[in-house]
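Chemist: Here is what each chain is made of, one letter per residue.
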Amino acid sequence: MHHSHIDRFAQGDSPVHRLEARAKLVAVLAYTAVLISFNRYTVAALAPMAILPLSMLWFGGVPIWFALRRVAILSPFILAICLFSPLYDHSAHAAAFGPWRFVVSGGWLTAFDLAIKFTFGVLALTALMSTTPFASLLEAMRKLGAPKLLVMQLGFVYRYLFVLIDEAMRIRRGRDFRGAARAPVGRRLAAVGNIVGSLFVRTLERSDRIQTAMAARGYRGNSRSLSVSQFRGRDAAFLLAVAAYLLGCRWLYPAIL
Amino acid sequence: MTDILEIANLSVGYGDGVRALAGVSLHVPAGGRVGLIGPNGAGKTTLQLAIMGGLKHEGRIVVDGIELSRRTTAEVRNRCGMIFENPDDQLFMPTLLDDVAFGPLNQGTEPSEAEARSRAAIAAVGLGGLASRSGHHLSAGQKRSAALATVLSMNVKLLLLDEPASGLDCRSRRRLIELLAAREEAMLLATHDLDLVGALCREVVLLDAGQVIAKGGVQEVLADAALLAEHGLR
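Top to bottom, those sequences are chains A and B. Taking the working numbering, the leading residue of the first sequence gets 1, the next gets one more, and so forth. Taking the working numbering, the leading residue of the second sequence gets 1, the next gets one more, and so forth.
Do not take every clue at face value.
To be verified - Stretch-level coverage of chain B by chain A, calculated; a stretch enters the list once three of its residues show a Cβ under 8 Å from a Cβ in chain A:
1. 107-118
2. 123-136
3. 144-157
As the list claims (entries may be wrong) - Here are the simulated distance ranges between beta carbons:
4. T2/B with G193/A: 55 to 63 Å
5. R202/B with R8/A: 30 to 38 Å
6. V196/A with A123/B: 49 to 57 Å
7. G129/B with A180/A: 17 to 25 Å
8. A123/B with A168/A: 57 to 65 Å
9. L29/A with A123/B: 33 to 41 Å
10. P111/B with F66/A: 32 to 40 Å
11. D166/A with G198/B: 53 to 61 Å
12. A180/A with A225/B: 41 to 49 Å
Keep in mind the hints are simulated off the structure, nothing from the lab. Note that the structure is a prediction, hence the values are computed from the model and not measured. We put the CB at the ideal spot given by N, CA and C, even for glycine.
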């Protein structure tokens with residue numbers, strides 16, 4: 001497993017890639033805030049919210065199948081909530097689909113609302129991550145005033161998540177090559193516990209070595225970094241366009257509807 | 001020739017009562033390369049960590065005329081850089097450029113100067129063009145070179161190298177040797193790879209069970225097959 005699973009396509013070159021990370025980050029945060037502000041029973045009003053993430057993906061040269069796969073990978077988390085919501089909300093609501101008018105339960109509307117918001121949200125995040133290198137995102141967060149410690153932690157997660165996964169895979173291989181598949185369930189479960197414990201201890205030891213490496217290069221609690229990006233006119237124009245689009249989606253379109 | 005590193009009667013103990021180093025004395029001349037050889041657990045890494053001020057110690061460590069103490073740790077770390085056995089422990093920033101600039105920025109260097117130094121260090125180790133790569137996307141050989149760049153950018157006078165060639169294929173190993181041989185900084189090279197020591201160093205110190213067993217010219221020490229066998233190096 002490699003980093004390409006997080007920010008694949010991020011090193012590309014497109015109009016969206018060339019936008020400054022702060023502009024894209026603020027746009028996606030604002031988009032998410034507007035997205036979740038919609039009433040859960042006004043599902044149809046969400047339709048124009050698809051435009052921003054799809055446009056970012058399209059102009060960023062990110063294949064839609066890649067983004068939809070992300071949605072599919074993460075969907076089990078939301079699917080359970082969607083499936084259970086009709087059981088809890090039995091309120092009746094009038095709904096329209098073209099010329100057809102019908103009554104639908106609030107639970108089903110909530111389920112659709114959640115699924116659509118989740119899909120759009122993941123598409124927007126995927127568009128952001130796929131058009132912005134992770135290092136630029138961290139720099140944008142730092143410049144926007146996110147706590148330094150948080151930014152640093154995220155940097156470490158990005159850097160070491162896959163090192164850890166690789167380590168877990170190696171340990172698992174070591175277990176499997178010694179006939180773990182033939183072991184009774186109890187012993188296999190115990191082995192999993194040992195793997196997790198071993199990973200935990202190794203992570204602690206690694207963190208100790210990283211701390212030593214940081215201290216050896218003069219780190220004393222204050223992280224500084226090179227600042228390479230600049231906020232330009234096109235970034236401001238992009239943000240203004242997104243603001244106008246979000247205002248239209250949130251207030252103009254529902255009023256027309 | 002003046003010494004860049006002087007160690008006198010150094011002892012380091014761990015909390016569990018293990019005596020990792022006991023009365024170690026050695027010196028590295030300015031611009032000189034000294035091999036620190038010994039079997040696993042001899043205390044080679046512990047010695048280097050102690051020089052960097054990472055472990056409590058007894059005895060005297062002097063780097064470039066500055067005696068190591070809690071007060072002078074930062075000054076000592078501005079003068080010597082350590083390259084860890086596992087480069088993954090050393091490359092923790094999101095990009096190679098950020099990683100290499102980490103040290104200079106912590107030294108208080110202006111960002112523009114830090115960037116220039118970092119790019120020069122990256123080019124010096126042959127990784128020009130990979131500055132925006134993440135450490136995870138580098139090969140094992142490239143990670144070694146990148147780890148070297150992280151300390152070269154700090155303009156240190158002494159390099160502490162901990163098993164720098166472990167896990168490298170022949171080509172990467174040869175490249176690393178060429179790279180290190182071309183440097184002017186003094187080096188204390190901890191390894192049990194005797195060929196590497198023979199290729200790079202003039203002097204060698206044999207450490208075992210936390211004690212200096214032998215020291216002298218490379219030819220002389222490495223020619224003593226019985227001594228090397230006795231201490232698990234042959």
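Chemist: Confirm or reject each hint.
Modeler: Here is how each hint holds up against the structure:
no.: 1; hint: 107-118; in the structure: holds (count 5)
no.: 2; hint: 123-136; in the structure: holds (count 4)
no.: 3; hint: 144-157; in the structure: holds (count 3)
no.: 4; hint: T2/B with G193/A: 55 to 63 Å; in the structure: 56 Å, holds
no.: 5; hint: R202/B with R8/A: 30 to 38 Å; in the structure: 49 Å, violated
no.: 6; hint: V196/A with A123/B: 49 to 57 Å; in the structure: 43 Å, violated
no.: 7; hint: G129/B with A180/A: 17 to 25 Å; in the structure: 43 Å, violated
no.: 8; hint: A123/B with A168/A: 57 to 65 Å; in the structure: 36 Å, violated
no.: 9; hint: L29/A with A123/B: 33 to 41 Å; in the structure: 38 Å, holds
no.: 10; hint: P111/B with F66/A: 32 to 40 Å; in the structure: 35 Å, holds
no.: 11; hint: D166/A with G198/B: 53 to 61 Å; in the structure: 34 Å, violated
no.: 12; hint: A180/A with A225/B: 41 to 49 Å; in the structure: 44 Å, holds
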